[in-house]
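Chemist: The lines below spell out each chain.
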Amino acid sequence: MDLVIQLLLNGIVNGSHYALLGLGFGLIFATTRIVHFAFGSIFTFGAYVAWFVSGYMGAPIFLGLAAGVVVAMGLGVASYVGLYQPLERRGVSPLIPLIASLGLTIVLENLVGIIFGTGARTIDAETSIHFLGPAFFTSIHVWQVVSFLLVCVLLYLFVNYTRYGKAIMAMTDDPEMARVIGIDTARVSILVFALGSALSAIAALLVTLKDGASTHMGFTAVFMGFVAVIVGGVGSLRGAIAGGFLLGLVESLGLWKISTEWQSSIAFIVLFLMILLRPHGLFSLARR
Amino acid sequence: MVRKIIASVMAAGLLAFAGGASAQEKPNDPASYKFGAILAMSGKADWYGKVMSRAIQLAVDEINAKGGVDGIPLEAIIEDHKSGVAKEGVSAMNRLISIHKVQAVLTSFSPPTLAIAPIADEKGILLLNGGGTSAALLKASQNMFHNRTLASDLGLAAVKWAETRGLGDMAQMVWKNDAGESVAASAQPYWEKAGHKVVATEFVELGASNIDTQVAKVRVSNPSWVGLWLFSPESGLAIKKLREFGVKAPLIGIEYTGDIKEIAGSQVEGFEYASDYFTPSDEYPWSRDFAAAYKARYGEDPEFYAANYYENVYVLAEAIRRARAKGGDYWDGRKLISAIRENPVFDSVYGGSMTYQSNGVAKKRVAIFKVEEGKGKFVQYVSLD
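Residue numbers (the UniProt record's numbering), protein chains in the order written: chain Z, 1 to 288; chain R, 1 to 385.
No lab work stands behind these hints: they were computed from the structure.
Glycine residues also receive a C-beta, built at the ideal position from the N, C-alpha and C atoms.
Don't take every hint at face value.
[What the hints assert, rightly or not] Cut-off 30 Å, straight-line C-alpha distance, at most; resulting in silico cross-link-like pairs (DSSO-like, lysine-lysine):
(1) Lys-123/R - Lys-257/Z
(2) Lys-193/R - Lys-257/Z
(3) Lys-375/R - Lys-176/R
(4) Lys-44/R - Lys-197/R
(5) Lys-193/R - Lys-34/R
(6) Lys-139/R - Lys-123/R
(7) Lys-248/R - Lys-197/R
(8) Lys-375/R - Lys-44/R
(9) Lys-363/R - Lys-66/R
(10) Lys-257/Z - Lys-295/R
(11) Lys-248/R - Lys-257/Z
(12) Lys-87/R - Lys-34/R
[Stated by the list, open to error] Label-pair restraints from in silico Cβ distances:
(13) Leu-98/Z - Glu-163/R: 28 to 38 Å
(14) Phe-378/R - Val-153/Z: 49 to 59 Å
(15) Ser-265/Z - Ser-358/R: 16 to 26 Å
(16) Lys-197/R - Val-153/Z: 43 to 53 Å
Produce the entire structure from the sequences given, and follow the hints as far as they go.
Modeler: Structural data, given as structure tokens:
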């Protein structure tokens, strides 16, 4: 029973991380329909910039977070304006931005190595350990959950009570119709690339504090974000959150009685099952 | 008559002299000795490629600065197997042979090395491995020599050390690949035969970023000690997580690198590990000079991976020198292999000399280290006999 409680706790913490990634990736994907795989590399960039400011230069962690968020937002916007938008204007098939995104991923990943070096990076932060009955958790775990909840509240308020938030929701429903009714879709796209990238940087800083950063951490991040979105339902932010938590809990609790050598297969199994049983995801039908 | 006899004797002498000259045929020298190195230059484990390629280049530059091998320069061509991808290793090997006409290849990581072994056998290419640790490498090729203690032996050294310490039930965290599993395959039977239990076996993927579940399962198994059959950087993450989650049992592993230290942070204190013993010292000037040159050039202390690949370049240079002494078309992988087998003793940058055994593995000292103040402190040697 001790193990189940610990695994449940791990699942909630990991679920918060995946849900945050799902929100970031899903916001971009649902609004622009661009499969932005370079989201993973921007996540890595955010982690290394935060390390450079807080780990290498010794600045307070909130400054590292701010720097990571700003750089990630800049890269996100630059990738849309410099790469995807010109392709959109030419009316290319959706496959082309996908391929361009993979190319951008490789470029950014190598750039991280060139600028910051290829070794593992950590940020020294004072962490406290807490008990919940027989289960352990650290202050970083708490921050992962709290940050996620905070992001959820802010995003909810932004989406429901601001003009741009409503424009984003209109674009997720029907980009063409949004354009017809006068929404500046290019500007909204820039905004979601900035917002989604900022969320990736928050997740990146927290995971760097928890486990350290490596130049290849982006692949898992974008993959988990992608699975969370597909499982939850494309176009639904609630779905991305549910998908992230489902993934975190299944990945953790699923290994209660199964050998851990199956760990990396679990995300795929969840993805395959959802595609087979509910191809539109958990929440997409509910929204319609 | 006497003249005829003298003439015959002189003719016989000339023939004998000529015969002698043909036995010591003039060596057919290439313009340079091109050799390949297939390393992890990109991907999740590119740290290995970085340190190995640096050491190779350092050795090549040193040898060439002294005039090369018998006046002929060495030239290293570095290829990338993208952190252990077998098919990338095969592509690299084919490029090295068909484009660059190499006769020797320095290889690393078990999966690509296993994949290129049949090609080396078919084309007669010398393989020098300084990083791959899988026990499967032993049977992979007759053309391969290892100056790295295989993972199975390191695992054996680690469990023997645990036995010496009088530790009980073991939990093990195993890298989910050939190298990690070959450690478990040697450590687990030994430990069970010694009358102990293995209370948990948890697998960790190469490049894993989340091992909380594995750590939770190890923790509830309440082991007397934890065997970390992982390599860099996953062992650093495992050390950090195990300690963070309150596992106070001794942690014994098979590697300690800068990345492990970086990730584990202060939690790494007390970590014990079995390893090839590379510690530069004044007792062995070559080890000291190599460490100083490496640090001067790259700003970091060399690890044993760097030492192994640096040493392998010198082994290759010596094998070339010995093969060339026999003359003829000596720049041929098969001739180099014969040169090593005929006299398997080579100078070692670790100190003294090393001898390749009949299975191709150089017998080196395996030692136990304990991390104190961030540095691996020598504890004692472990006999694998």
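Chemist: A separate judgement is required for each hint: does it hold in the structure or not?
Modeler: Status of the hints after comparison with the structure:
The straight-line distance between the Cα atoms of Lys-123/R and Lys-257/Z is roughly 48 Å, outside the 30 Å bound, and the hint therefore fails. With a CA separation close to 26 Å, the supplied pair Lys-193/R and Lys-257/Z stays within the 30 Å bound. Taken as a hint, the Lys-375/R and Lys-176/R pair is honoured in the structure, with Cα atoms around 27 Å apart against an allowance of 30 Å. Our distance criterion of 30 Å between C-alpha atoms is broken by Lys-44/R and Lys-197/R, whose separation comes to about 34 Å.
For the proposed pair Lys-193/R and Lys-34/R, the alpha carbon gap of about 48 Å is over 30 Å, so the pair is violated. Among the hinted pairs, Lys-139/R with Lys-123/R is consistent with the structure: their alpha-carbon atoms are about 17 Å apart, no more than 30 Å. Between Lys-248/R and Lys-197/R the alpha-carbon distance is near 18 Å, which keeps this suggested pair within the 30 Å criterion. Distance check on the hinted pair: Lys-375/R and Lys-44/R sit about 25 Å apart at the alpha-carbon level, within 30 Å; holds.
As the CA atoms of Lys-363/R and Lys-66/R are separated by approximately 29 Å, the hinted pair is consistent with the 30 Å bound. Pair hint Lys-257/Z plus Lys-295/R does not hold up; C-alpha atoms about 48 Å apart against a cutoff of 30 Å. A distance of roughly 24 Å separates the Cα atoms of Lys-248/R and Lys-257/Z; the hinted pair therefore holds under the 30 Å criterion. A distance of roughly 23 Å separates the Cα atoms of Lys-87/R and Lys-34/R; the hinted pair therefore holds under the 30 Å criterion.
Hint check: Leu-98/Z to Glu-163/R, Cβ distance near 55 Å, so the stated range 28 to 38 Å is violated. Look at Phe-378/R against Val-153/Z: about 55 Å separates their beta carbons, and that is inside 49 to 59 Å. At about 41 Å, the CB distance of Ser-265/Z to Ser-358/R disagrees with the hint of 16 to 26 Å. Range check, Lys-197/R to Val-153/Z: Cβ separation about 49 Å, and the 43 to 53 Å hint holds.
Checked against the numbered hints given earlier, the structure breaks hints 1, 4, 5, 10, 13, 15 and satisfies all the rest.
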